[in-house]
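K.L.:
One-letter residues, chain by chain:
Number of protein chains: 2
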Amino acid sequence: MAASAAAAEVSNRRVTLKRYVTGFPAEDDMEVVAATARLAVPPGSAAAVVKNLYLSCDPYMRGRMSRHDEASYVPDFVPGEVLTTFGVSKVVESGHPGYKPGDLVWGMTGCEEYTLVTNPETLFRISHPEFPLSYYTGVLGMPGLTAYVGFFDVAKPKKGEYVFVSAASGAVGQLVGQLAKITGCYVVGSAGSDEKVNLLKTKFGFDNAFNYKKEHDLNAALKRCFPEGIDIYFENVGGAMLDAVLLNMRLRGRVSMCGLISQYNLEEPEGVRNLFCVVAKRIRMEGFIVMDYFGTYGKFEEEMAGYLKEGKITYVEDVVEGIENTPAALIGLFHGRNVGKQLVAVARE
Amino acid sequence: MAASAAAAEVSNRRVTLKRYVTGFPAEDDMEVVAATARLAVPPGSAAAVVKNLYLSCDPYMRGRMSRHDEASYVPDFVPGEVLTTFGVSKVVESGHPGYKPGDLVWGMTGCEEYTLVTNPETLFRISHPEFPLSYYTGVLGMPGLTAYVGFFDVAKPKKGEYVFVSAASGAVGQLVGQLAKITGCYVVGSAGSDEKVNLLKTKFGFDNAFNYKKEHDLNAALKRCFPEGIDIYFENVGGAMLDAVLLNMRLRGRVSMCGLISQYNLEEPEGVRNLFCVVAKRIRMEGFIVMDYFGTYGKFEEEMAGYLKEGKITYVEDVVEGIENTPAALIGLFHGRNVGKQLVAVARE
Numbered sequence: 001m002a003a004s005a006a007a008a009e010v011s012n013r014r015v016t017l018k019r020y021v022t023g024f025p026a027e028d029d030m031e032v033v034a035a036t037a038r039l040a041v042p043p044g045s046a047a048a049v050v051k052n053l054y055l056s057c058d059p060y061m062r063g064r065m066s067r068h069d070e071a072s073y074v075p076d077f078v079p080g081e082v083l084t085t086f087g088v089s090k091v092v093e094s095g096h097p098g099y100k101p102g103d104l105v106w107g108m109t110g111c112e113e114y115t116l117v118t119n120p121e122t123l124f125r126i127s128h129p130e131f132p133l134s135y136y137t138g139v140l141g142m143p144g145l146t147a148y149v150g151f152f153d154v155a156k157p158k159k160g161e162y163v164f165v166s167a168a169s170g171a172v173g174q175l176v177g178q179l180a181k182i183t184g185c186y187v188v189g190s191a192g193s194d195e196k197v198n199l200l201k202t203k204f205g206f207d208n209a210f211n212y213k214k215e216h217d218l219n220a221a222l223k224r225c226f227p228e229g230i231d232i233y234f235e236n237v238g239g240a241m242l243d244a245v246l247l248n249m250r251l252r253g254r255v256s257m258c259g260l261i262s263q264y265n266l267e268e269p270e271g272v273r274n275l276f277c278v279v280a281k282r283i284r285m286e287g288f289i290v291m292d293y294f295g296t297y298g299k300f301e302e303e304m305a306g307y308l309k310e311g312k313i314t315y316v317e318d319v320v321e322g323i324e325n326t327p328a329a330l331i332g333l334f335h336g337r338n339v340g341k342q343l344v345a346v347a348r349e
Numbered sequence: 001m002a003a004s005a006a007a008a009e010v011s012n013r014r015v016t017l018k019r020y021v022t023g024f025p026a027e028d029d030m031e032v033v034a035a036t037a038r039l040a041v042p043p044g045s046a047a048a049v050v051k052n053l054y055l056s057c058d059p060y061m062r063g064r065m066s067r068h069d070e071a072s073y074v075p076d077f078v079p080g081e082v083l084t085t086f087g088v089s090k091v092v093e094s095g096h097p098g099y100k101p102g103d104l105v106w107g108m109t110g111c112e113e114y115t116l117v118t119n120p121e122t123l124f125r126i127s128h129p130e131f132p133l134s135y136y137t138g139v140l141g142m143p144g145l146t147a148y149v150g151f152f153d154v155a156k157p158k159k160g161e162y163v164f165v166s167a168a169s170g171a172v173g174q175l176v177g178q179l180a181k182i183t184g185c186y187v188v189g190s191a192g193s194d195e196k197v198n199l200l201k202t203k204f205g206f207d208n209a210f211n212y213k214k215e216h217d218l219n220a221a222l223k224r225c226f227p228e229g230i231d232i233y234f235e236n237v238g239g240a241m242l243d244a245v246l247l248n249m250r251l252r253g254r255v256s257m258c259g260l261i262s263q264y265n266l267e268e269p270e271g272v273r274n275l276f277c278v279v280a281k282r283i284r285m286e287g288f289i290v291m292d293y294f295g296t297y298g299k300f301e302e303e304m305a306g307y308l309k310e311g312k313i314t315y316v317e318d319v320v321e322g323i324e325n326t327p328a329a330l331i332g333l334f335h336g337r338n339v340g341k342q343l344v345a346v347a348r349e
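Chains as they are written, first to last, in full-length UniProt numbering: chain A, 1 to 349; chain B, 1 to 349.
Derived by calculation from the structure, the hints in this document are not laboratory data. Do not take every clue at face value.
As the list makes no split between identical chains, a pair holds if one copy fits it or if it spans any two.
[To be verified] The list that follows gives simulated cross-link-like pairs (lysine-lysine, BS3-like), each with its CA atoms no further than 30 Å apart:
id, residue 1, residue 2
1, K281, K18
2, K281, K299
3, K18, K213
4, K281, K156
Here the structure is a predicted model, which means the values were calculated and not measured.
Here chain A stands alone, though its shape is the one from the complex:
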């Protein structure tokens, strides 16, 4: 397929942000717009046109739906413009010598059917197409690397330690729990439904799990699950759970701060009151952003592919069909409707 002035013009439905959001976002804050795309790169440019196959729905995207005065680690969305997200794509046209039509890649792309990627070097090549390609939005993509570096590089686990994971059936949590088991840790997870709790225990091999919505007293729930206390907390939720965890941390415990999904839709975040535990128990709380570790992706991909092949890691995803269902899938994430990694299948080939 050669780039040419007579390049095909195709339908290109896209998801745009309608307005900046405060508080809980609604489907209506986004819009699915009918548009078209030319399957051609501008003459002389090193861009690539990709066909998007799978789009990732991730909690951090909530932050991008609001306007921030100061630059954060990822830019805000712009009202009227297409949302961007990590996705799995196939190269359709390329002006970049390193990419040719048919190449499978994952990386930042648009929430649309086709995207003109102006800087294809930001995309990662898919080295293991023998796995479902959707895995590259999760276990073999950004959330997988997040779990890996947040657990190993930030929390620095040792065999036999006590590990707690919140939002434990989500894209990142389910992997952290299994990596902790591979490391020889004792692992407990929390999730927001009995179905998810059951998944943690029966499918992901967590030693124990609880439904935080059914616990009147999170401190008591953690004491029940961790009579010896917690060495590592993989933090995905924040707020009241973090406060309860701090009371139950052991000496020199580590809190790997991955995300705070319980706080993202609040006008003002909940206050965390038990920070004196950080002093008294010599706790290390450390935040991280997976983008800082993208240079290690190749090594990670090989290791994780190995675990998947050996059956040491199991992976559950929640796939919504059709680009038009992206807003619902994204909003569902903040209501905990997804079971496993939430993604949108835009096209299967």
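For chain A, the structure is supplied; the task is to place chain B on it using the hints.
P.N.:
The following block gives chain B in isolation, referenced to the frame of chain A:
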């Protein structure tokens, strides 16, 4: 002076806890009691009787005045019993072969004139009696080591970094600021009076300082002092200051969590709401307890003695005369009445 059955019985005024405290402590929660001491060690024991010269008043003692269900890093005081604290003492009698009358030591002792130390190995020898001995309750003692390890071992500063210190004219803060200057950092401190702010700028060499009680908006005050943001926050106060600091931290900043004095007298600690900054800016917040570093004291003492001799470190203390004034000195700490390191001079020889 030999231990004997005919040992002298001397007056031994002591400060006891009258009752467990909730909220703000008052002088009346303690009692100065007339008692006597025998200047002899029990036959066959390895204890030592020490004469207390200087007693240290430190913020962490507030925690010990309340009853805790769970053991902390330091035991609670016991109503009716003498308070304990770090102090500078002279050995009067010793059943321990390593200590003899006249030895100068510092370490955990009673808030009283004479103390029977059952385990003298917990005491540190004073190697530099050429300095005022009171320095061993501060710059050459526990607070000095606290500043040293909290800054170097926990915060891991680099030359040129931006450092903020709260409670900056206190025993620990004044030293952190000066150690930061020695390291080649830019240092700003906050304190609770114009007199203290002046001390920071004119005596301790801080690059800038502000009176937090006069600032309506701590965030704005920090932005004014740190247009480029903060690399290291040496945390002595907690609460609203921590929340404002988090907004102003730079990428990969570090918060060395030494203490949270603004929170110690509250029934319920203030909530800290800006923890998402820890994720977004990859911040490390780490607590420490100086006791974990006591094994490094000898090395620290030599280094700090060197700085003092070279005039690289200046030190200000707030000395109250007489054991009977210990309750007032201790309570004054929580009202910020002290200027510099608060201590009580019990005896001068």
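K.L.:
Hint by hint, note whether the structure agrees.
P.N.:
A quick look at each hint next to the structure:
1. Proximity of K281 and K18 under a CA criterion of 30 Å is satisfied inter-copy only: 28 Å between copies versus 46 Å inside one chain copy.
2. Within a single copy, K281 and K299 get their C-alpha atoms only as close as 34 Å, which misses the 30 Å cut-off; across copies the closest is 25 Å, which meets it.
3. Taking the shortest alpha-carbon separations for K18 and K213, neither the intra-copy value of 32 Å nor the inter-copy value of 43 Å comes in at or below 30 Å.
4. Taking the closest pair of Cα atoms, K281 and K156 come within 30 Å of each other both inside a single copy (17 Å) and across two copies (20 Å).
Violated hint: 3 only; the structure is consistent with all others.
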